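Asker: The residues making up each chain are set out below.
Protein chains: 2
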Amino acid sequence: MARDIQIMTEAQLRDVVSLDLTIIDVVEKAFSILATGDVIMPPILSMDLPMVNGEVDIKTAYIPGFDGFAIKVSPGFFDNPSLGIPSLNGLMTLFNAKTGLVEALYLDNGYLTDIRTAAAGAVAARHLAVETVNTVGVMGTGVQARLQMQALALVRPFEEVLVWGRDPDKAAACAKDLHETLGVRAQVASAQDTVRQSQIVVTTTPSREPILKADWLHEGLHITAMGSDQDGKNEIDVAVLEACDLYVADRVSQTENLGELRAAKAAGVWTKGTPPELGAIINKTHSGRQSAKSITVCDLTGTGAQDTAIASYVRANWPNAGTLIQS
Amino acid sequence: MARDIQIMTEAQLRDVVSLDLTIIDVVEKAFSILATGDVIMPPILSMDLPMVNGEVDIKTAYIPGFDGFAIKVSPGFFDNPSLGIPSLNGLMTLFNAKTGLVEALYLDNGYLTDIRTAAAGAVAARHLAVETVNTVGVMGTGVQARLQMQALALVRPFEEVLVWGRDPDKAAACAKDLHETLGVRAQVASAQDTVRQSQIVVTTTPSREPILKADWLHEGLHITAMGSDQDGKNEIDVAVLEACDLYVADRVSQTENLGELRAAKAAGVWTKGTPPELGAIINKTHSGRQSAKSITVCDLTGTGAQDTAIASYVRANWPNAGTLIQS
Numbered sequence: 234m235a236r237d238i239q240i241m242t243e244a245q246l247r248d249v250v251s252l253d254l255t256i257i258d259v260v261e262k263a264f265s266i267l268a269t270g271d272v273i274m275p276p277i278l279s280m281d282l283p284m285v286n287g288e289v290d291i292k293t294a295y296i297p298g299f300d301g302f303a304i305k306v307s308p309g310f311f312d313n314p315s316l317g318i319p320s321l322n323g324l325m326t327l328f329n330a331k332t333g334l335v336e337a338l339y340l341d342n343g344y345l346t347d348i349r350t351a352a353a354g355a356v357a358a359r360h361l362a363v364e365t366v367n368t369v370g371v372m373g374t375g376v377q378a379r380l381q382m383q384a385l386a387l388v389r390p391f392e393e394v395l396v397w398g399r400d401p402d403k404a405a406a407c408a409k410d411l412h413e414t415l416g417v418r419a420q421v422a423s424a425q426d427t428v429r430q431s432q433i434v435v436t437t438t439p440s441r442e443p444i445l446k447a448d449w450l451h452e453g454l455h456i457t458a459m460g461s462d463q464d465g466k467n468e469i470d471v472a473v474l475e476a477c478d479l480y481v482a483d484r485v486s487q488t489e490n491l492g493e494l495r496a497a498k499a500a501g502v503w504t505k506g507t508p509p510e511l512g513a514i515i516n517k518t519h520s521g522r523q524s525a526k527s528i529t530v531c532d533l534t535g536t537g538a539q540d541t542a543i544a545s546y547v548r549a550n551w552p553n554a555g556t557l558i559q560s
Numbered sequence: 234m235a236r237d238i239q240i241m242t243e244a245q246l247r248d249v250v251s252l253d254l255t256i257i258d259v260v261e262k263a264f265s266i267l268a269t270g271d272v273i274m275p276p277i278l279s280m281d282l283p284m285v286n287g288e289v290d291i292k293t294a295y296i297p298g299f300d301g302f303a304i305k306v307s308p309g310f311f312d313n314p315s316l317g318i319p320s321l322n323g324l325m326t327l328f329n330a331k332t333g334l335v336e337a338l339y340l341d342n343g344y345l346t347d348i349r350t351a352a353a354g355a356v357a358a359r360h361l362a363v364e365t366v367n368t369v370g371v372m373g374t375g376v377q378a379r380l381q382m383q384a385l386a387l388v389r390p391f392e393e394v395l396v397w398g399r400d401p402d403k404a405a406a407c408a409k410d411l412h413e414t415l416g417v418r419a420q421v422a423s424a425q426d427t428v429r430q431s432q433i434v435v436t437t438t439p440s441r442e443p444i445l446k447a448d449w450l451h452e453g454l455h456i457t458a459m460g461s462d463q464d465g466k467n468e469i470d471v472a473v474l475e476a477c478d479l480y481v482a483d484r485v486s487q488t489e490n491l492g493e494l495r496a497a498k499a500a501g502v503w504t505k506g507t508p509p510e511l512g513a514i515i516n517k518t519h520s521g522r523q524s525a526k527s528i529t530v531c532d533l534t535g536t537g538a539q540d541t542a543i544a545s546y547v548r549a550n551w552p553n554a555g556t557l558i559q560s
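Those sequence lines, one after another, are chains P and R. According to our numbering, the first sequence is numbered sequentially starting from 234. According to our numbering, the second sequence is numbered sequentially starting from 234.
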């Protein structure tokens, strides 16, 4: 039985998919269903390849009611920059949810992952941050630092962004980009000032030592920590999880192994039982932020549900884009 | 940096890849390296989808010295035949072993899996069966029943094949096909006669109850059991594993969870410690069959190493076949 399989390259995907409110809503819906318990999301398949300084992660999730499910392969080969190639690449394959047949191959080199990751940051801010925001902060100076601020501006418009990075030149370049892209004041700041002066802070680093200290917390702060996605990474002082009024996981089974919750549990400071997931906040089965003074933290490790959501969104909206291969 | 990604459909793959001695050697090499301990092969990622009577398995293996590594997705959606679609399909993606970049997408709908699975049966027979064979038997009447006999004929030429299946009509059709394809005598037989009269028997069913009984064992018999590949399947009476002179696993960590070894361990009859793997027999680090009278069993669950081997073979030999997509 002849049928067409859709193939889209990174360039073709960049032409049609952008970071906007629609994609934020798509990702929000995925978290909402994820929290109902009907989603089938196996543990991430991780393959470490120390002999080539590489790793490969495979994520998937089957979301009832979606026409397809994605399987995403994310290779990270950290010697690539010396060859002039980005470290991260990979693809998403979308399968028909009723037959398992391949429907589409999105050769995105991680672009769709970047977008759905930034969208998750916006979803977290929309449901956990205070309503009125003047200053936001970002820790880290890479692609996600830029995209997280771009996504945040869509749900919590702000006037100023503070940028902290280990490398002052990269921080300056990031601040310049954010000023030009978002039309807001943007400046480099110390880690401490970035946190103290912001109503929302997003951490976007691969750090293995805490970069955000509990001493800097203040009333009304919301933190989204999206950098830690594997055992050993840790951006947030474990005392922050202890001190905050509300800690929210994208997926508890992931954050306790791969996210900030892992470090807090390992340090023995976690005494709050099973935390709520972002979907429960969205669905209002958890009451979320209690007051404008509360301090909230959202820990994002990245879920297969987001991948299935964004791949399904591309498929539904641009079914004839790219190349169709008769199979 | 523009580069080409190779895409081949099932039809294009069938045009170039066939079940021959070359592919048997390719798969043998994969088992040989797998036994050296340098291969990185994570546990299979399995996703059960009971609401659609489906399942998805993902296998991969990184073999040092190979230019690429494959990630194979095998969906099985068992209501598909009612829609006129095969239950099994899927694809292999080949990644560059040094950079992690996607090199090729083989939309094989399981064809390459069929070939590498049959090739493994031939490797097992080549290293474990007696040299001279007149009659062989196959239990099961599907695609693998045919391919296993075709592969076997390349390494242990035989004059007669006996076919047993639950459905006599399907058994007759399989025997007819084998007669026409291989030019040997082929007839339907009882399960008992199939085993008693053959020097080699290959079991190829999805059975959950043993179909091959220990009472039927005889001197010189080699059995390859390739049907069981998940918890709950069981083709071989556990007493066979107890009674045989040598049991060999494709991968112990898989056969003890997914293969015949699982049932034998569950029944408490397994007392032989850690069995050898097929690669150890190939490499002669295990002495293998001891005499022409020995009874041997090889348990094949299917390894990611075989997938990496066959995908790499296609890539090396037909780098310009199919469609090249500039990415």
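Just so you know, the hints here were simulated from the structure itself, not pulled from any lab data. Everything numeric in this text was worked out from a predicted model, so none of it was measured. Some hints here could point you the wrong way.
No copy is singled out in the list; a pair is fine if it fits within one copy or between any two copies.
Dumping the calculated SDA-like pairs for lysine to any residue here, alpha-carbon to alpha-carbon at most 25 Å [as the list claims (entries may be wrong)]:
(1) K526 / V285
(2) K466 / P276
(3) K403 / Q383
(4) K505 / A386
(5) K498 / N329
Asker: For each hint, tell me whether it holds in the structure or not.
Answerer: Verification of the hints:
Neither within a single protomer nor between protomers do K526 and V285 lie at most 25 Å apart by alpha-carbon distance, with minima of 48 Å and 47 Å respectively. Taking identical chains as interchangeable, the C-alpha atoms of K466 and P276 lie at most 25 Å apart whether they share a chain (18 Å) or sit on different chains (23 Å). For a Cα distance limit of 25 Å, the shortest separation of K403 from Q383 inside one copy, 18 Å, qualifies, whereas the shortest one across copies, 61 Å, does not. Taking identical chains as interchangeable, the C-alpha atoms of K505 and A386 are never at most 25 Å apart, the minima being 32 Å within one chain and 64 Å between chains.
With identical chains, the CA atoms of K498 and N329 are never at most 25 Å apart, being 39 Å at best within one copy and 37 Å at best between copies.
Checked against the numbered hints above, the structure violates hints 1, 4, 5; every other hint is satisfied.
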